[in-house]
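Student: Spelled out from the first residue to the last, the chains are:
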Amino acid sequence: MNAVAAEWIKLRTLRSTWWALGAGVLTALALTALGASTVISRWDLGQTGEHASMGIIVAVYVGVVLAQLPLGMLGTLTISSEYTSGMIHTTFVATPSRTRVLLAKASVLGGIAIAVSLLIAIPGYLYGQAVASGFDPTPLPAAAWTVVGGGTLMIVMTTLLGLAFGAIFRNGVVAISMLVVLLVLVPFVGRMLPGGEVVNRILPGYPALQLIEQVPDTMPDAAAFAVLGTWAVAPLLIAVLANKRVT
Amino acid sequence: MIEVIGLTRRFRRSVAIDDLSFTVAPGKITGFLGPNGAGKTTTMRIILGLDRPTSGRATVNGVPYRTLDKPLTQVGALLDASAVQGGRRAEQHLQWLARANGISQTRIGWLLELVGLNKAGRKRVGGFSLGMKQRLGLAAALLGDPEILLLDEPLNGLDPEGIRWMRGLLKSLAAEGRTVLVSSHLMHEMAVTADHLIVIGQGRLLADTEITQFVRPGMSLEDTFMKVIEGSAS
Ligand SMILES: Nc1ncnc2c1ncn2[C@@H]1O[C@H](COP(=O)(O)OP(=O)(O)O)[C@@H](O)[C@H]1O
Ligand SMILES: [Mg+2]
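Just so you know, the sequences run in chain order W and E.
The first sequence: position 8 = 8 (this note's numbering), numbered continuously.
The second sequence: position 109 = 109 (this note's numbering), numbered continuously.
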């Protein structure tokens, strides 16, 4: 617990953390508000309360998609900036277990990613409910929980993936480039190649978008959760192994 | 107590440390002396578990550093004082470090005062001079009130007043019974600071002796040092 508390102090005492979080939350909220208004203005009058509520939830998590990149970058910088400055040695002198350091960083970042998703989702949801009040939306239909769970896991996964890449490559530019390649470029290129949709299914992007109802289903939701969960955990385990390497 | 036993560290092309053995005893300042590239930093990094030896081992209080629980409460280290993140305030740097080993935050104000940074405690480290960073590094090393201190070239970047101050502080820490290992590549610094000398050259042990017995008859301390270094090179 000492290591987790220390990592939390490290993260909150750098201004760049608050810039990344502020930028992520504010742009996400702006997009959510804009998206919700646009979507709701197109609804016809026969919309049921349950459909309306689901529409609001889906619109809200579009914002969370946008907040992924600053969070992923924050994940990377949390460790790569320590390698760049050399302060990582002080960290390891205080906490000799590299695994413990990495898992402490992962716990703090995971918590922050969840908090950010709620900071976007809750105001977004309340705003959507207010704008769509004429349709009498129900509070939270059962299907909404898949969107909430999938959207939250999506942003946690990206943040931890950023951390894992930072720990593996130890260089912020390389790690962030890899993150962008994997999350944006490969899915985009994959779509144009034969068999690309099969590959996309095992990349983190598509299963996340399926769970938050942005693309048609190509796999059971349980499988999508499994793929996302694997992307959150497996790279971190590789980073733990890579960090056993000293110097 | 620090023990280095048959330590060797080979890099791809060079041998940085070559079968080095010594012990550092408590209650005095041990100067770890050698020209640039002699292997002082590499030895200290291995003692702290930051690098692995090719063969041999190093222990603190009889065990490998990596096995220590709350190591800052037993060993304080100052390696590269400039290796800090500039965006944090000095006191915030000490806060996370203290928290990492469950050390009370109440020591921080007192330590900042001890190292002469009480006014700079709320300033960001990025704006610090090397001398101020050395002072912050020393405060970090003393955070857990450790019995053992490992300081790599702590006098670098200090002004003459700072050097005098550091010397006095190290002496009082040793007088309290602590084990103090201080590296330097400057003989005349160690001549007035250390009680005991461990001299290495090209990774090999050249001398391990009380400073009073190091000097050869009819020679200054510095001349003796140069002779010892030259003798090893040929
Ligand atoms: N990571 C490294 N890779 C290759 N050579 C290294 C590395 N670190 C140190 N060395 C070499 O080991 C030798 C000892 O270096 P060092 O311990 O820094 O000496 P000192 O601190 O006494 O000046 C030098 O020749 C240096 O070039
Ligand atoms: Mg050195």
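None of these hints come from the bench; they were simulated from the model.
This structure is a prediction, so every number in the text was calculated from the model and none was measured.
Errors might be hidden in some of the hints.
Which residues of chain W face chain E? A partial, calculated answer using Cβ under 7 Å [to be verified]:
(1) Lys10
(2) Gly22
(3) Leu29
(4) Leu31
Per the computed footprint, the stretches of chain E lying under chain W, defined by three or more beta-carbons under 8 Å from a beta-carbon of chain W, are [stated by the list, open to error]:
(5) 77 to 91
(6) 196 to 204
Residues of chain W placed beyond 12 Å of chain E at every Cβ, according to the derived structure [as the list claims (entries may be wrong)]:
(7) Ser16
(8) Ile88
(9) Thr90
(10) Asp217
Glycine included, C-beta positions come from ideal geometry on N, C-alpha and C.
Student: Hint by hint, which ones does this structure get wrong, listed from lowest number up?
Tutor: Structure breaks hints 2, 3, 4, 6, 7, 8 and 9.
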